[in-house]
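Visitor: One-letter residues, chain by chain:
Number of protein chains: 6
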Amino acid sequence: MALVRLIEYGEASPEVQAVYDDIMQVRGTDWVNNFWKALANDPAQLKRMWENVKQVMGPGTLDPLVKEMVYVAVSATNGCEYCTYSHTAAARNRGMSEAMFAELMAVVGLANETNRLANGFRVDVDEAFKRQD
Amino acid sequence: MALVRLIEYGEASPEVQAVYDDIMQVRGTDWVNNFWKALANDPAQLKRMWENVKQVMGPGTLDPLVKEMVYVAVSATNGCEYCTYSHTAAARNRGMSEAMFAELMAVVGLANETNRLANGFRVDVDEAFKRQD
Amino acid sequence: MALVRLIEYGEASPEVQAVYDDIMQVRGTDWVNNFWKALANDPAQLKRMWENVKQVMGPGTLDPLVKEMVYVAVSATNGCEYCTYSHTAAARNRGMSEAMFAELMAVVGLANETNRLANGFRVDVDEAFKRQD
Amino acid sequence: MALVRLIEYGEASPEVQAVYDDIMQVRGTDWVNNFWKALANDPAQLKRMWENVKQVMGPGTLDPLVKEMVYVAVSATNGCEYCTYSHTAAARNRGMSEAMFAELMAVVGLANETNRLANGFRVDVDEAFKRQD
Amino acid sequence: MALVRLIEYGEASPEVQAVYDDIMQVRGTDWVNNFWKALANDPAQLKRMWENVKQVMGPGTLDPLVKEMVYVAVSATNGCEYCTYSHTAAARNRGMSEAMFAELMAVVGLANETNRLANGFRVDVDEAFKRQD
Amino acid sequence: MALVRLIEYGEASPEVQAVYDDIMQVRGTDWVNNFWKALANDPAQLKRMWENVKQVMGPGTLDPLVKEMVYVAVSATNGCEYCTYSHTAAARNRGMSEAMFAELMAVVGLANETNRLANGFRVDVDEAFKRQD
Chain A
-9 MALVRLIEYG EASPEVQAVY DDIMQVRGTD WVNNFWKALA NDPAQLKRMW ENVKQVMGPG
51 TLDPLVKEMV YVAVSATNGC EYCTYSHTAA ARNRGMSEAM FAELMAVVGL ANETNRLANG
111 FRVDVDEAFK RQD
Chain B
-9 MALVRLIEYG EASPEVQAVY DDIMQVRGTD WVNNFWKALA NDPAQLKRMW ENVKQVMGPG
51 TLDPLVKEMV YVAVSATNGC EYCTYSHTAA ARNRGMSEAM FAELMAVVGL ANETNRLANG
111 FRVDVDEAFK RQD
Chain C
-9 MALVRLIEYG EASPEVQAVY DDIMQVRGTD WVNNFWKALA NDPAQLKRMW ENVKQVMGPG
51 TLDPLVKEMV YVAVSATNGC EYCTYSHTAA ARNRGMSEAM FAELMAVVGL ANETNRLANG
111 FRVDVDEAFK RQD
Chain D
-9 MALVRLIEYG EASPEVQAVY DDIMQVRGTD WVNNFWKALA NDPAQLKRMW ENVKQVMGPG
51 TLDPLVKEMV YVAVSATNGC EYCTYSHTAA ARNRGMSEAM FAELMAVVGL ANETNRLANG
111 FRVDVDEAFK RQD
Chain E
-9 MALVRLIEYG EASPEVQAVY DDIMQVRGTD WVNNFWKALA NDPAQLKRMW ENVKQVMGPG
51 TLDPLVKEMV YVAVSATNGC EYCTYSHTAA ARNRGMSEAM FAELMAVVGL ANETNRLANG
111 FRVDVDEAFK RQD
Chain F
-9 MALVRLIEYG EASPEVQAVY DDIMQVRGTD WVNNFWKALA NDPAQLKRMW ENVKQVMGPG
51 TLDPLVKEMV YVAVSATNGC EYCTYSHTAA ARNRGMSEAM FAELMAVVGL ANETNRLANG
111 FRVDVDEAFK RQD
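Protein chains in written order, with the numbering used here: chain A, -9 to 123; chain B, -9 to 123; chain C, -9 to 123; chain D, -9 to 123; chain E, -9 to 123; chain F, -9 to 123.
Be careful, since some hints might not be right.
Treat identical chains as interchangeable: a pair holds within one or across any two.
With a Cα cut of at most 20 Å, we get these calculated DMTMM-like pairs of lysine to aspartate or glutamate [as the list claims (entries may be wrong)]:
no. : residue 1 : residue 2
1   : Lys120    : Glu41
2   : Lys37     : Asp53
3   : Lys37     : Glu88
4   : Lys44     : Asp12
5   : Lys120    : Asp11
6   : Lys120    : Glu88
7   : Lys37     : Glu5
8   : Lys120    : Asp20
9   : Lys37     : Asp12
10  : Lys37     : Glu1
11  : Lys37     : Asp20
12  : Lys120    : Glu5
In case anyone wonders, no lab produced these hints; they're calculated from the structure.
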């Protein structure tokens, strides 16, 4: 059970409803997920976070599916249950197949493994990796 | 300074040299980075890890550049200095532009932020995200 | 379900009951939360941890509410479900309003974001931050 | 050495200089720290992050010093070197004494300890903590 | 509910059944736990991970019980619910008593605490710790 | 450079010197490492942490070497540079061979990998793991 009340559309202020409307319009859905309903307790934070998500996850140089898979990678690394569910769903909506999900998790798992080997042996960064030319 | 000796090619056993040779051949380079030189203190672990990296990072359903960017995302999330340097270099070698790197970091940063908002408010997972049909 | 039995007051040894009594007295409550009932399987560890909590969370130079909010910040960052629930409750008992909770989470989220941007870009620490005079 | 070039004021575009000017004005300083110089490689991200920092760390219901200490708590928990240096400096500028810093770290350390005890024993969340009335 | 289907023995391909058979034989059990049933959606990853577990957790210079306890320590530190349950069970099967579990958790908790004190104060590594002769 | 002054023995108060003396006596050394010199800025915290370390790392049901290796496992998982150096040195002093260190890191790396696979696939905990009888 969430630590704050989840604000439903019908009970929301016009300010909150406007953000909910924008979320549904941008995503082409007819519902808003709980994450936003929790944030809605503070309309200014709700608006701020949505503007950030819109800007960062919107059109850019990276493919939208790639961005969702990166989101899943970070969420699995941090062990965030909510975000793993929500962004895996989003990535599937954008075309992530089961084979791609399995391969993504393999990369995430391996990266978490070698991160600790490098940290544990305190491996010196190669000079070649520091050059930026 | 690493916590174990870094084994150079010239002093390595034939077993270790064979892995080094394979690393250089697969990557098309004429040098081996320090990570492997640290692992080489235990040839069985060296071989195991290299076989894993070859299998996971080799051809599959995901683009090789995407896999390197996922690796960078995980490494930055975990704060692994060595892996952030080495996989950013690898991603750049595979074509990651500065604009792509900036956008990748924006996604990684945002995911780390919303992971904590979801965890902090203990947001309930929406039923819609749990369906798998 | 916990991985160890939760020791209830009625079945506890006098040594454990003494710690439970002290917890209730210091906190002005008539019950002990599950965390302590789990630790009670090893009375020496129970006593050690309670002494630590009493010393660290007791009177000092920081406001008790601030200390509870810092505890929530760390727990949300680590994704500890139990601690997020228990310390959010404690912070609310000490006066944390809903507006304060929302603002606290905003800071926690942002810090987790910029932590990864700094780690991902490997930003050099400014010399000005290293001075201690 | 940072993985991206640090953009100095003199070589920055007017768009970046405008953000730098705002940072210095809001903070009452005559210099900009490296974090922003790294972000400046992507002016849109620079502007986005600065707007977030201004909003979240600006006036609200929490004391500015408390917010900086929460930032330090998160950064130490995540092991972010850059952020620990920069936000400890900021907290000291806002009045954090050495005694307060020591006490803050004691809370951070203890929270990290009990987070793992709760996670390791998988302690069930008390029903009393789930009520929100 | 898992994000992928759990593949039961009866519906598994011969390739997957062969891995399941090996898991049961090596462990002397007549069932396979859910972790492997999730991985089985990608038989190549299933086989790769099982070969890794067999090699790393098999006979070596460290006691098998010690290795399981290290696994529990890492899982509790990362807050991985599944792994904490499964490896605590494995450690108990190998002889971990309740007293040993409590002591293990005490070490894990303390290490997580001092990790943050060292990170928060940015303590310089003593030269004596860097020598390897 | 540490964020607090490192208090040397010669300049320390009698209260701090007493802790330093106890550290050296318990460890059979003639020097104190920087971690304690940082904590010494707050004598009460110094004493508290040392009493905790003495109790947790002292004689118990687990072998002292095992406890040091668990400490290294946690420190590598968290990426704590200071603690990885200091506790690897301590483990070597207690008899950890290079082969044991390599095997320990292999377990730590693998645990970090499977932790993320379990978290990423959100694998349901097997009922068999929840029984405690």
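Visitor: Next, verify each hint and record whether it holds.
Guide: Tested hints:
Taking the closest pair of Cα atoms, Lys120 and Glu41 never come within 20 Å of each other, the shortest separation being 35 Å inside a single copy and 26 Å across copies. Taking the shortest Cα distances, Lys37 and Asp53 never come within 20 Å of each other, neither inside one copy (25 Å) nor across copies (22 Å). In this homomeric assembly, Lys37 and Glu88 come within 20 Å of each other (Cα to Cα) only across copies, at 17 Å, whereas the closest approach inside a single copy is 34 Å. In this assembly of identical chains, Lys44 and Asp12 lie within 20 Å of each other by CA distance solely inside one copy; the values are 10 Å within and 24 Å between copies.
In this homomeric assembly, Lys120 and Asp11 never come within 20 Å of each other (Cα to Cα): the closest approach is 46 Å inside a single copy and 24 Å across copies. In this assembly of identical chains, Lys120 and Glu88 lie within 20 Å of each other by CA distance solely across copies; the values are 15 Å between and 37 Å within a copy. Within a single copy, Lys37 and Glu5 get their C-alpha atoms as close as 9 Å, which meets the 20 Å cut-off; across copies the closest is 24 Å, which misses it. In the homo-oligomer, the alpha carbons of Lys120 and Asp20 lie at most 20 Å apart only across protomers (18 Å), although the nearest pairing inside one protomer, at 48 Å, exceeds that limit.
Taking CA atoms no more than 20 Å apart as the test, Lys37 paired with Asp12 passes inside one copy only; the shortest distance there is 10 Å, against 22 Å between copies. Taking the shortest Cα distances, Lys37 and Glu1 sit within 20 Å of each other inside one copy (17 Å), while across copies they are farther apart (34 Å). Taking identical chains as interchangeable, the C-alpha atoms of Lys37 and Asp20 lie at most 20 Å apart only when both belong to the same chain, with a minimum of 19 Å there against 32 Å between chains. Taking the closest pair of Cα atoms, Lys120 and Glu5 never come within 20 Å of each other, the shortest separation being 48 Å inside a single copy and 29 Å across copies.
Checked against the numbered hints above, the structure breaks hints 1, 2, 5 and 12 and satisfies the rest.
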